[in-house]
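Chemist: Sequence:
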Amino acid sequence: MFKPAVAQNYVITKLKLFPDRDEVLIKDVATDSKGFVWFLTNGEIYRYDGYRSLDILKTIADQVHTTDMPQHILIDKHDRLWMTGNANLSYLDLRNWKVHTVASSLLPPVQDRVVYSITELADSTVAVAYENGHLLLVKGNRFFRVDDLFELGKKSSNKLSPRGMTVWKNKIWVGTTGGSLLSIDPARGYRTQIRKLPGEDSYVRTLIGCSDTLFVDVPDGVNIRLEEGFARQMRPRGFELSEDKYFVLKEGTDMHVYAEDDALCVMDPALGLRQRLKIPTKRKFRTVAAEITRSEILLGTEEGIFVAYPKTKGLSELNIANSGPNTSVRGMHVYPDGSLFYGTYSGAGYVDAGGKAIAFPELKHAYTMFPMNDNELLVGTEGGFLKVFNRRERRIEPLQYSLAPNARAKYMAHLPIYVMCLGETADNFLIGGMNGLWLLNKKSRQLDRYELTGGSPHALDLQIRHIQQLSGEQLLLSTNLGLFELKQGRLLKKYPKSGNTGVYKVIADGNKLWVATQGAGLVVMDSNGRALQQLTTENGLSNNLVYSLERVSDVMILGTADGLNLVDGQQRVRRIGMAEGLSQSEFNSGASFVDKTRKRVYVGGLMGYTVLNMNHNWFDKNDQLDSYVTEIHTSTGKAGQRVRDYSWPYRGETQLSLDHNQSLTALYVGTPGNYRANSQVTYALNDGDWEPLIRGQFISLIEPSPGTYKLNLRTRSFGLESKQNVVTVIKKPHFSQTWWFRGLLGLCAVAIVVAWYHSRIAKIRREQDIRNRIAADLHDEVGSSLTRIFFQASTLVSSPAAGDPAAGDPAAGDPVAGSPVAAGRLTTGEQEAAERQSRQLELIADTSKQALLTMSDMVWSIDSRFDTMKDLVIRMKDYVYRLKEELEFKYRFEEGAEVESGKVSQAVRQNLFLIFKEALINAIKYSDGTEILISLHVEPVIRLTLSNGYLPKPATPGGRQGGRGLENMELRAGKIGGKLSVSDAGGIFRIVFEIPPKRGI
953 MFKPAVAQNY VITKLKLFPD RDEVLIKDVA TDSKGFVWFL TNGEIYRYDG YRSLDILKTI
1013 ADQVHTTDMP QHILIDKHDR LWMTGNANLS YLDLRNWKVH TVASSLLPPV QDRVVYSITE
1073 LADSTVAVAY ENGHLLLVKG NRFFRVDDLF ELGKKSSNKL SPRGMTVWKN KIWVGTTGGS
1133 LLSIDPARGY RTQIRKLPGE DSYVRTLIGC SDTLFVDVPD GVNIRLEEGF ARQMRPRGFE
1193 LSEDKYFVLK EGTDMHVYAE DDALCVMDPA LGLRQRLKIP TKRKFRTVAA EITRSEILLG
1253 TEEGIFVAYP KTKGLSELNI ANSGPNTSVR GMHVYPDGSL FYGTYSGAGY VDAGGKAIAF
1313 PELKHAYTMF PMNDNELLVG TEGGFLKVFN RRERRIEPLQ YSLAPNARAK YMAHLPIYVM
1373 CLGETADNFL IGGMNGLWLL NKKSRQLDRY ELTGGSPHAL DLQIRHIQQL SGEQLLLSTN
1433 LGLFELKQGR LLKKYPKSGN TGVYKVIADG NKLWVATQGA GLVVMDSNGR ALQQLTTENG
1493 LSNNLVYSLE RVSDVMILGT ADGLNLVDGQ QRVRRIGMAE GLSQSEFNSG ASFVDKTRKR
1553 VYVGGLMGYT VLNMNHNWFD KNDQLDSYVT EIHTSTGKAG QRVRDYSWPY RGETQLSLDH
1613 NQSLTALYVG TPGNYRANSQ VTYALNDGDW EPLIRGQFIS LIEPSPGTYK LNLRTRSFGL
1673 ESKQNVVTVI KKPHFSQTWW FRGLLGLCAV AIVVAWYHSR IAKIRREQDI RNRIAADLHD
1733 EVGSSLTRIF FQASTLVSSP AAGDPAAGDP AAGDPVAGSP VAAGRLTTGE QEAAERQSRQ
1793 LELIADTSKQ ALLTMSDMVW SIDSRFDTMK DLVIRMKDYV YRLKEELEFK YRFEEGAEVE
1853 SGKVSQAVRQ NLFLIFKEAL INAIKYSDGT EILISLHVEP VIRLTLSNGY LPKPATPGGR
1913 QGGRGLENME LRAGKIGGKL SVSDAGGIFR IVFEIPPKRG I
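The opening position of the sequence shown corresponds to residue 953 in this note's numbering, with each subsequent residue numbered one higher.
None of these hints come from the bench; they were simulated from the model. Fair warning: this is a prediction, and the values are worked out from it, not measured in the lab. Built from N, CA and C at the ideal position, the CB exists for glycine as well. Fair warning: there could be bad hints in the mix.
[To be verified] What follows is a set of in silico ranges between Cβ atoms, one per label pair, in the way DEER data are often shown:
(1) K1675 / Q1486: 19 to 29 Å
(2) D1196 / A1513: 44 to 54 Å
(3) G1481 / G1424: 13 to 23 Å
(4) Q1858 / A1591: 53 to 63 Å
(5) G1471 / D1220: 41 to 51 Å
(6) G1471 / R1226: 35 to 45 Å
(7) Q1676 / D1326: 27 to 37 Å
(8) G1424 / G1335: 31 to 41 Å
(9) Q1523 / G1471: 30 to 40 Å
(10) E1328 / A1513: 26 to 36 Å
(11) A1309 / Q1145: 31 to 41 Å
(12) D974 / Q1486: 34 to 44 Å
(13) P1409 / A1309: 39 to 49 Å
(14) K1230 / G1481: 46 to 56 Å
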């Protein structure tokens, strides 16, 4: 019998929590603000992100009591994961992944901490119910303990345990195992009141508040008046609460849920049944927990987690109860008044506008349908040729026809008993079958084969799957070999141009042709057969095998081998699969129909008809799923110190900063609600190509260069692309790669260049100073000596020689032969002149010698080959030796052994030698004839000491030893950073010159 169309409001499916396990023992379930599913197993808590399950306790192992395993979990509206054990209560703040343990002073005594349940009530109060009667209420960050039930049970020696809880009339109501109701008024400082229900067995399992009624789940009837309204026994409409099965009853805002081991009942706020769903469990284990999140329902069972969610709006099914096991359907026709005729492989049927159904089990294999008039429907079958459905009389009749002479003569053995499609022209009904195109005259009902006027006479021996009339006698034929145009008796192939590709249907849209192909997707061509576009799985189609094709407004509806696809005028593809509530994935050819009056599309498949309401906006992006970054793993340095961040989705972060030595080792992405659409996540780095992320795959950036990287995440759900999420990864540079460091390097380089320039200028100036000094010394010392030589020589030239008459008498002429002069006898005047010349020559020799010595000293002072202490000592000793030859004096020269390897700069060497000369001359000048002591040492400082004895003299102005020479020595010592000290005691005059070794180098 036919079952009328029923809108299936909810879809239920089982989550694949682990890739290697199908069955998971669940003890509790919860959801967070992003929609991720959390579940508790035997001692372990996991977060399921749509692809993989994360072990939470491992991530917080250093923050929790490992010996107190969680017994219940809850996530409140503040994204706090509450974990109750047998001794402790704590919560994990998902925004910073920190565990906060509730102080023991706020909890019941440790022996009374066995928790029955933890619940978040409608007013956002977190209520922890303990078996011994204690209640702990958490409002925000404030804790309130209610011990009334514990104290009452203690007095009566009968434990009162809290059970169901709800918020009703601004109060918190608690049902107990003793058949009483406890009300708690937060507005009055959590004042409590206990009301005993009538009856002996009044175990209150669940409470639900609705309007003026508090529904109480108790075995016996209850109807009592309270101050706030009435308390009545909970009796859902449409089903009964089980008396022998374990069940879960969960209160929600817009709906309530009742779940047993194999059934789920969805109720409205007044406990009316909306829908009963069968839980697809294999073993029928108990349902132990339920969670209502917006419009979805999570069921935690001892077999795993099942989720029930609303079927996509606009999607429904036409369920048909066939007498046979074959549920596959083919053709359908909907009349303007809404009544319809359908065909299945187990029989046909008719449903009038009022919903009354009539079955025709004798009409099997009805393949296609076409209206002959308002009353008669032509039905083509697979093997039974044509039948006629008389709508007015509600019966199936054989088609009354006759054969044309041509058909009788040529095709008696090849009649079209297998009808695949129907159409019409002005004069004929068109019949497409397994063996070509046939014509049924509308008036005479004479059947004839369509004959070609040109080309091969057998060219039309094709499987004709669909007939599209363009104009007049011009037809488009969809066949097993491609798309053909039939015009004026001539057959022209339009698609494909080469080879053969089956075509199931074509729709003409102005100058465009939309072609449903057998393996090539949806092809768009112009009227000349030139391909304009091809939509395949690469463009979003779920499958390239397109069995059926319909058009409503600018939307194309495709029935494929893997779900339904919709294509709009912008070439956007919208996939509809079984995850959205589609009851079948594969559809049949020739099994679709458009109800233009109601804008509905019927698409038949192996499991009946799927109905699409085309008034619904199927391309609304607000219905699309979104993806979030769930985990970020980073490593630091060569040692690979790892840091994991699991709080990313709850902080709303979009930017990740990496230090210069950090790498992004893993970035995981999750899609809440992925079970509803089987989404595909792709990513692109900056402006690169999009790459898919398969289940559990992660993104990594290992040792990236400093800079900004944009990770673009795109989620394709239902075939549509939702908004893109962008995660910006900023890799900080090493300080040596920063702009300020490079700027500092630039400044340093400039400073070095400037310093080099200044040092170069200083060096040039020093060289100029040396040159000037040498020039001055040459001018002063050597020049004066040479000048003296010049004047002495000039004087010698201008003086008369000995024996010259002019020497005694300037007027005298040459000596006469035989005179005394000629005979070598000199007068007194001549002898004096000769002595003067001798003295002049001696002075010239001395001056020349002095000039040579001065020149030697100057050359020595600037020659870098003598920049050693050893050469300085040799020079000093040489000077003393030469001076001793001229002046008789006694001396003793002491030197330290360290002078053999000491280095000395040119300036120090020159000034030290000049100080030595000046000091030695002064010592000789004022010495009393005793030994002059000369001492030179290098370690620890360069020290030159000259000491001499002297005879006491009367004090006279300027009579101090040294005089002006001492001032010169002090000036020279100051030039090279040395220190000159003078002591005069006990008849010993001592000059000491010191300079640090570093300044002497």
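Chemist: Going through the numbered hints above, which ones does this structure break? Give me the numbers in ascending order.
Modeler: 7, 9 and 11
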